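Chemist: As a plain string of letters, each chain reads:
Number of protein chains: 2
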Amino acid sequence: MLSLILTMEDEVVLADFGLSMFCIRVKIALAEKGVKFELKEEDLIHTKSPLLLEMNPVHKKVPVLIHNGKPIAESLIILHYIDEFWNDKSPLLPTDPYQRAQARFWADFVDNKVHEVAKKIWTGKVDEHEAEKKELIGNLKKLEEVVGDKPYFGGDTFGFVDVALIPFYKWFSTYEKVGKLKLDFPKLVTWANKCLERESVSKFLSDEKDVYDFVLAHRKRIGVD
Amino acid sequence: MLSLILTMEDEVVLADFGLSMFCIRVKIALAEKGVKFELKEEDLIHTKSPLLLEMNPVHKKVPVLIHNGKPIAESLIILHYIDEFWNDKSPLLPTDPYQRAQARFWADFVDNKVHEVAKKIWTGKVDEHEAEKKELIGNLKKLEEVVGDKPYFGGDTFGFVDVALIPFYKWFSTYEKVGKLKLDFPKLVTWANKCLERESVSKFLSDEKDVYDFVLAHRKRIGVD
Numbered sequence: 001m002l003s004l005i006l007t008m009e010d011e012v013v014l015a016d017f018g019l020s021m022f023c024i025r026v027k028i029a030l031a032e033k034g035v036k037f038e039l040k041e042e043d044l045i046h047t048k049s050p051l052l053l054e055m056n057p058v059h060k061k062v063p064v065l066i067h068n069g070k071p072i073a074e075s076l077i078i079l080h081y082i083d084e085f086w087n088d089k090s091p092l093l094p095t096d097p098y099q100r101a102q103a104r105f106w107a108d109f110v111d112n113k114v115h116e117v118a119k120k121i122w123t124g125k126v127d128e129h130e131a132e133k134k135e136l137i138g139n140l141k142k143l144e145e146v147v148g149d150k151p152y153f154g155g156d157t158f159g160f161v162d163v164a165l166i167p168f169y170k171w172f173s174t175y176e177k178v179g180k181l182k183l184d185f186p187k188l189v190t191w192a193n194k195c196l197e198r199e200s201v202s203k204f205l206s207d208e209k210d211v212y213d214f215v216l217a218h219r220k221r222i223g224v225d
Numbered sequence: 001m002l003s004l005i006l007t008m009e010d011e012v013v014l015a016d017f018g019l020s021m022f023c024i025r026v027k028i029a030l031a032e033k034g035v036k037f038e039l040k041e042e043d044l045i046h047t048k049s050p051l052l053l054e055m056n057p058v059h060k061k062v063p064v065l066i067h068n069g070k071p072i073a074e075s076l077i078i079l080h081y082i083d084e085f086w087n088d089k090s091p092l093l094p095t096d097p098y099q100r101a102q103a104r105f106w107a108d109f110v111d112n113k114v115h116e117v118a119k120k121i122w123t124g125k126v127d128e129h130e131a132e133k134k135e136l137i138g139n140l141k142k143l144e145e146v147v148g149d150k151p152y153f154g155g156d157t158f159g160f161v162d163v164a165l166i167p168f169y170k171w172f173s174t175y176e177k178v179g180k181l182k183l184d185f186p187k188l189v190t191w192a193n194k195c196l197e198r199e200s201v202s203k204f205l206s207d208e209k210d211v212y213d214f215v216l217a218h219r220k221r222i223g224v225d
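In order, the protein sequences belong to chains A and B.
Oh and the first sequence: position 223 is 223 in full-length UniProt numbering, straight run, nothing missing.
Oh and the second sequence: position 111 is 111 in full-length UniProt numbering, straight run, nothing missing.
Where hints are given, some of them may not hold.
All copies of an identical chain are treated as equivalent in the list; a pair is satisfied when it fits inside any one copy or across any two copies.
Claimed, not checked - Under the rule of at most 20 Å between Cα atoms (straight-line distance), these lysine-lysine pairs were calculated in the PhoX-like manner:
#, residue 1, residue 2
1, 60, 48
2, 60, 134
3, 113, 60
4, 141, 187
5, 142, 70
6, 61, 142
7, 36, 182
8, 141, 60
9, 142, 60
Keep in mind that the hints were calculated from the coordinates and are not lab data.
The structure displayed is predicted, hence computed values, not measured ones.
So here's chain A without its partners, still in its complex pose (with noise of 0.2 Å):
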């Protein structure tokens, strides 16, 4: 009985595409938590694994961390439940309801402020568009204020809206260039910067060409280039 106890380890794996800011979100929050894991990547562009439409038959979508051979789907989802079930160490969400409510609603503005307009501009032919730059731009600015001079989101603790941001930060580029837009915002650097001193972060965010070329193949395919 006590072998298998001591035999019985968390089988953790990632449904994963390293591109996919979403998937990243994961990555970095499982790595906060010091949990293992294995990635199994998906080839998203050509064909669907069996274990991506087992394990997440309604959206078809990555990430889906799989605990022990159960599934969770949507990133900010998954980094709940990361954060319930490891709940010992690096909490991502404050402890006091209005600020988890806080963080709540500014992931969930990254999501459906940044992260969906962005992508109209990036899939959508040049020039078109552009209100949702107008938008894009003032959405950024809005992050800005909230985080300010503080290092992190939520004040002086790495945390949920961070996970949830930072992957996007090294789509900026990407944004500028295909939108012909400039994103001047001083005080996300300095607090993706900081961010970046994190080995979680580091490790995982993408490269900012990988990006763009990725990007670009996207246009490619979809015939908007």
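Once you've looked at the hints, dock chain B against the given chain A.
Modeler: Same frame as chain A, now just chain B:
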């Protein structure tokens, strides 16, 4: 000092729009927790109030829960807040991290795979959106499979997914009439009737005719009818 403590009651205000499914979620959750609250009905059609613009400057949308002067926006985030602040009774989320993740997943599914799809239908031209009609039916079918023969989505206890989905039930007949489609989900009907036995639900759910009239008026305003 004692009298100060005794008179410090929670002030709970909801910036509300009676027919909004998202506002109804919040009212049900507050009622389940036994929290007294004041409603401020917003006139979303004509002018957004200074209160709404001040309390939710980012999205300028209801619902906004204002708790002792501090605003919380986005209905699922508000549900989390209510569950975490008033954590002494009627838990909305289960305690197990995996079950919590599942509840969050299906609530998110209601927003993105039921509401977003249905809205395209009820704001769209008649005979457009055939793909969305099939998708809506398929997605409600999935929800029916999830609840199955259980009293509630989480099992024996009324909880997070029930609160998230039940306000949409009174929109089903409008989806059918406007979309010229048939929603035949007997297990969802059984589940909804079980939910409606609760005063927290029956008190705040919309009247089907009010929903239909609102949608017809909305369609006239946006010029699709």
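Chemist: Could you run down the list of hints and mark each one as holding or not?
Modeler: Quick rundown of the hints versus the structure:
1. 60 / 48: Classified as within: same-chain Cα gap 8 Å, cross-chain 39 Å, threshold 20 Å.
2. 60 / 134: The answer is between: 18 Å across copies meets 20 Å, while 32 Å in one copy does not.
3. 113 / 60: between (23 Å within a copy, 13 Å between copies)
4. 141 / 187: within (10 Å within a copy, 47 Å between copies)
5. 142 / 70: between (37 Å within a copy, 19 Å between copies)
6. 61 / 142: Close across copies (17 Å), not inside one copy (29 Å); limit 20 Å.
7. 36 / 182: neither (39 Å within a copy, 48 Å between copies)
8. 141 / 60: Classified as between; 17 Å across copies, 33 Å inside a copy.
9. 142 / 60: For residue 142 and residue 60, the Cα distance is within 20 Å only across copies (14 Å; inside one copy 32 Å).
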